[in-house]
Amino acid sequence: MTLDERLNQLRQAADELAADVQADERLYQRIRHQAAGRGSARRRRPYLKALIPAGAVAVAAVLALLIWPANMGTQAPLNIVSVTAGGADGSPEQVLSTRADLPQGSVSVDSADKAPAFRNIWAGSSNSSFPMVLVNGAYYRLLSSPKKLSDKQLGSALGTVTQYVSGMSGQGLCSNTVLQGETVWQVRGMGGAAVAAKIDGALRVFQRVTADGQGAVSSLAEAIAQSGVKELSLSDVGRVRDSQAAQRLIGTLLSGASYQGSGCTKTSQVLHIVFSNGVTLQMYVRDSSLSSCGTWSCPAFFEQFRNSI
Numbered sequence: 000m001t002l003d004e005r006l007n008q009l010r011q012a013a014d015e016l017a018a019d020v021q022a023d024e025r026l027y028q029r030i031r032h033q034a035a036g037r038g039s040a041r042r043r044r045p046y047l048k049a050l051i052p053a054g055a056v057a058v059a060a061v062l063a064l065l066i067w068p069a070n071m072g073t074q075a076p077l078n079i080v081s082v083t084a085g086g087a088d089g090s091p092e093q094v095l096s097t098r099a100d101l102p103q104g105s106v107s108v109d110s111a112d113k114a115p116a117f118r119n120i121w122a123g124s125s126n127s128s129f130p131m132v133l134v135n136g137a138y139y140r141l142l143s144s145p146k147k148l149s150d151k152q153l154g155s156a157l158g159t160v161t162q163y164v165s166g167m168s169g170q171g172l173c174s175n176t177v178l179q180g181e182t183v184w185q186v187r188g189m190g191g192a193a194v195a196a197k198i199d200g201a202l203r204v205f206q207r208v209t210a211d212g213q214g215a216v217s218s219l220a221e222a223i224a225q226s227g228v229k230e231l232s233l234s235d236v237g238r239v240r241d242s243q244a245a246q247r248l249i250g251t252l253l254s255g256a257s258y259q260g261s262g263c264t265k266t267s268q269v270l271h272i273v274f275s276n277g278v279t280l281q282m283y284v285r286d287s288s289l290s291s292c293g294t295w296s297c298p299a300f301f302e303q304f305r306n307s308i
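Each residue of the sequence shown is one higher than the one before, counting from 0 in numbering that gives the first Met the number 0.
Note that these hints are calculated values from the structure, not bench results. It should be emphasised that the depicted structure is a prediction, and the values quoted were computed from it without experimental measurement. One should not assume that every hint holds.
[What the hints assert, rightly or not] Cross-link-like lysine-lysine pairs, in silico, DSS-like; alpha carbons within 27 angstroms at most: (1) Lys-197 with Lys-151; (2) Lys-197 with Lys-146; (3) Lys-146 with Lys-113; (4) Lys-113 with Lys-229; (5) Lys-147 with Lys-197.
[As the list claims (entries may be wrong)] Derived DEER-like restraints, expressed as beta-carbon distance ranges: (6) Gly-180 with Gln-268: 32 to 40 angstroms; (7) Gln-225 with Ser-165: 28 to 36 angstroms; (8) Met-167 with Arg-305: 35 to 43 angstroms; (9) Gly-180 with Glu-302: 21 to 29 angstroms; (10) Ile-308 with Gly-255: 25 to 33 angstroms; (11) Ser-128 with Asp-241: 19 to 27 angstroms; (12) Glu-302 with Arg-240: 14 to 22 angstroms; (13) Ser-267 with Gly-158: 33 to 41 angstroms; (14) Asn-126 with Arg-240: 33 to 41 angstroms; (15) Ser-242 with Ser-218: 29 to 37 angstroms; (16) Glu-302 with Ser-218: 21 to 29 angstroms; (17) Gln-243 with Gln-179: 40 to 48 angstroms; (18) Leu-178 with Ser-287: 25 to 33 angstroms.
In this text, a Cβ means the ideal position worked out from N, Cα and C, and glycines have one as well.
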């Protein structure tokens, strides 16, 4: 069939269709209605396009909620991230683990409200002798912290070491740790509670203690009056960080403690007294007794301490 024959068939079909169409008012209204419907559909399409992604997201969320509980028991184990909070001397105090696949450094642990672990800041003993300075009959024991005291925290000079001894006894101003000829200083704001001297070129702090039955009344009250207490820390119990509360607790200790003797027994619990000048002193604790410069009993102090944390 040629192209002309096909065109003739199309014209014939169109004529037959047109013969059935009546150009009246009903046809006119029908055309208007259909045209209006097509325009409305075109106007609605942008909204439909916006709704399709939102609907897909909602469906995906519902499917996730339905599928996730069923797979909880069979999911692959997550990575374990361990976080270690170290003590001031580098020893680990506590290890926490969290089940999370997190980048390194994204986990921080605040252990401020956790009970502090036992940490002895008195320097270790050797052959029944601890590193000390003897000043006018008063024994001062070396502290392991701070490693270096600032020159600005020095008070008056007490004199120079006249004798280097190997044990715990000597005459005048002597030491088994500080070399002969080194100056011994008061620590500013600490009264008779602490002294300082150089060891290997660094100023180190020594705390007033008892040794060989010597030493009686603590000079703690003098240091508190001059510097004030910033914080109290009782190992395995807690910390009192409010300075006013710490001052009241120390007031209870000084006014209510009863003297038990001049000895000082090592225990597995300590009280750290942090002063406003940054110096920390230590006392051993056993039951309701504390010891450093003699041993003192004060049940009220420990009761109030626990009520303050």
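The hints, checked one at a time:
1. Lys-197 with Lys-151: 14 angstroms, holds
2. Lys-197 with Lys-146: Distance ~11 angstroms between Lys-197 and Lys-146 Cα, so the pair holds.
3. Lys-146 with Lys-113: 26 angstroms, holds
4. Lys-113 with Lys-229: Holds, at about 18 angstroms.
5. Lys-147 with Lys-197: 9 angstroms, holds
6. Gly-180 with Gln-268: 32 to 40 angstroms: 39 angstroms, holds
7. Gln-225 with Ser-165: 28 to 36 angstroms: 34 angstroms, holds
8. Met-167 with Arg-305: 35 to 43 angstroms: 36 angstroms, holds
9. Gly-180 with Glu-302: 21 to 29 angstroms: Given about 49 angstroms between the Cβ atoms, the range is violated.
10. Ile-308 with Gly-255: 25 to 33 angstroms: 19 angstroms, violated
11. Ser-128 with Asp-241: 19 to 27 angstroms: With Cβ atoms ~39 angstroms apart, the hint is violated.
12. Glu-302 with Arg-240: 14 to 22 angstroms: At 19 angstroms between Cβs, range holds.
13. Ser-267 with Gly-158: 33 to 41 angstroms: 37 angstroms, holds
14. Asn-126 with Arg-240: 33 to 41 angstroms: 39 angstroms, holds
15. Ser-242 with Ser-218: 29 to 37 angstroms: 21 angstroms, violated
16. Glu-302 with Ser-218: 21 to 29 angstroms: With a Cβ separation near 25 angstroms, Glu-302 and Ser-218 satisfy 21 to 29 angstroms, so the hint holds.
17. Gln-243 with Gln-179: 40 to 48 angstroms: Given a distance of about 45 angstroms, which is inside 40 to 48 angstroms, the answer is holds.
18. Leu-178 with Ser-287: 25 to 33 angstroms: Roughly 41 angstroms apart at Cβ, these two residues miss the hinted range, so it is violated.
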